[in-house]
Amino acid sequence: MNYMKDLPAEKLHQLAQEIRKNALKAINNANSGHPGGSLSLADILSVLYFDLLKHDPQSPFSKERDRVVISKGHASPAIYATLGLAGYFDTEEFISTFRKINSKFQGHIDRLKVPGVEVSTGSLGHGLSVANGIALGLRLDNSDSHVYALMSDGELQEGQCWEAAMTAAHYKIGNLTAIVDRNRIQLDGWTEQTMALEPLADKFIAFGWTVEIIDGHNISEIKKAIQKSWQREKLDKPFVIIANTIKGKGVSFMEDQVKWHGVSPKADELEKALIELS
Amino acid sequence: MAGAIIENQTGKIATRQAYGEALVELADQFPELVVLDADLSGSTYTGKFAKLYPERFFNMGIAEQNMISTAAGLAASGKIPFASSFAMFATGRAWEQVRNSVAHNDFNVKIAATHAGITLGEDGASHQIIEDIAIMSVIPKMTVLVPADAVETKAIIKKALLHKGPVYIRLGRPAVPVIFNPDNFEFEIGKSHIIREGKDVTIAALGIMVSIALEAAVKLQEKGIEAEVINLSSVKPLDKATILKSVGKTNALVVAEEHNQVCGVNQMVSACISQNHIGYCPMGVVAVDDRFGQSGTIDALLLEYGLTADHIAAEAEKVLNLKKKAS
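These protein sequence lines are chains H and A, in that order. Numbering-wise (our numbering), the first sequence opens with residue 1182 and increments by one. Numbering-wise (our numbering), the second sequence opens with residue 2 and increments by one.
One should not assume that every hint holds.
As the list claims (entries may be wrong) - Straight-line alpha carbon distances no greater than 20 Å define the calculated SDA-like cross-link-like pairs of lysine to any residue that follow:
no., chain 1, residue 1, chain 2, residue 2
1, H, 1353, A, 63
2, A, 142, H, 1283
3, H, 1285, A, 141
4, A, 250, A, 327
5, A, 165, A, 104
6, H, 1418, A, 56
7, H, 1353, A, 54
8, H, 1294, A, 100
9, H, 1294, A, 143
10, H, 1235, A, 79
11, H, 1285, A, 142
12, A, 52, H, 1352
13, H, 1353, A, 58
14, H, 1353, A, 57
By construction, these hints were calculated from the structure, which means they are not laboratory data. Owing to the predicted nature of the structure, the values given are computational and were not obtained by experimental measurement.
When you get a sec, could you build the whole thing from the sequences and use the hints?
The following block contains the structure:
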């Protein structure tokens, strides 16, 4: 079981850059996919899968594993890139078949096809509810496993997220950490112009959560916040990390650009992006 | 005989009540069984399980979408969740969660929904779902079961629990006659039973319409017509062989269901016959004629919406006339 490898921040940053590169290669090869929200999530995925998470790519269904529900299933390129680097499968197969017919690597993550994917998602707003259910089930079994729900910010416009937020507080779900990838952009534009989410932290606090706001690209801040969320288990209160991120992070011409939510980079754009990420 | 019926019916029990009893009866044998409800545990009869097994019961409040996705998560952790609410909300309000959180994930969630159909009664149209069988059956990987009485309900709940994968179980509000003998009743997913044999016309019925179809068969017998009655409790998968075998003999069919005629079980049966049956088989339908329900007593509603034994018998005579004309 990989657990607390205590990798230096610089190494985790490099792995995040690898996630970004492989994600963009796959999107380019598929000529479709979601680069913006994949790049914003990469550092969080790196800290989780290469440092803090209890998991074993050789035994993806081991009982002792932590569970990660990735509610933003459109970030599939970053998720596959992460799982590939972790050793769940051959990265080349992912890059060459992503979004192609009969591939394991569907546009939105599919648990029945790809080892390491806990829950098939894609339709936004489901993940926190499912994560609550997993956490409640693990609690009934007195399991030590921890549950993570990785959410997008735009999906918090779905009412179901707040039903789930209410539930986590009501059932005092302490073995769960929610992480919101607050990249501030959704398909149609800025979240605050499309359907305002702020004051977001106040909303979670009002729903009974402990909130930690961090820089979602700062490796040590991500790590500290997640470790802090474990300590909160004793307080029987759900914990959310609002990770302020930049959509398209790491590629200058993609950063903070609405248009890179769901567009594939062309060959020359990919080349430029890969140089910037190296 | 599997599915043998009791000759002298005694007493009536609602299928929702039998469901609540089944949960309690199965709880000790299956520790992974957990139950969710959406503020209707008094009406769905999950309340008794909640009292006896509070740590395995989750009241999710009035939030059915969240309930279904939470049930998916519980299944992901190895539990066997039964999620209950009125059928209107468990299947209608939460359809997309049933489709994506549960079925697309192939999670082992059982949706046992009560108060289906117009016989929900006085609460009226907003709560009377006549579309649930259609919208559940259309989802890949979903199994759809509709018990006819309390005995079958208990058998179905146990089979659903043992079956790996998503199941929708349609339950009703009103007390309905106990028609099956618990001592020799058997239920299998994908299997239908002929519960009364006859050579002239086949009546394929489900849910509350099964006991009404048996009443219709008695009325027809008085006119010298021998009706065969099939209990179509396994809607998906449908037991095509039993249907085809029966209509192969009778060449006349009536389907009776407390559901919208549009996209109802009658159309699944119709497709089965048109694709497989050789020869002419006139078909009649007793179902809700594509209109919303309304408030009323159960008897008044069944009469207003044409779901009585007289309606089934009249439909049977109609198809028999068509058969006669064709021969």
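For each hint, the structure was consulted:
1. H:1353 x A:63: holds (18 Å)
2. A:142 x H:1283: holds (19 Å)
3. H:1285 x A:141: The hint holds at about 19 Å.
4. A:250 x A:327: holds (16 Å)
5. A:165 x A:104: holds (12 Å)
6. H:1418 x A:56: holds (18 Å)
7. H:1353 x A:54: Distance ~19 Å between residue 1353 of chain H and residue 54 of chain A Cα, so the pair holds.
8. H:1294 x A:100: holds (17 Å)
9. H:1294 x A:143: Holds, at about 19 Å.
10. H:1235 x A:79: holds (19 Å)
11. H:1285 x A:142: Holds, because 19 Å separates the two Cα atoms, which is no more than 20 Å.
12. A:52 x H:1352: With a Cα-Cα distance of about 17 Å, the restraint between residue 52 of chain A and residue 1352 of chain H holds, given a limit of 20 Å.
13. H:1353 x A:58: holds (15 Å)
14. H:1353 x A:57: Within the cut-off at roughly 15 Å; holds.
The structure shown violates none of the earlier numbered hints.
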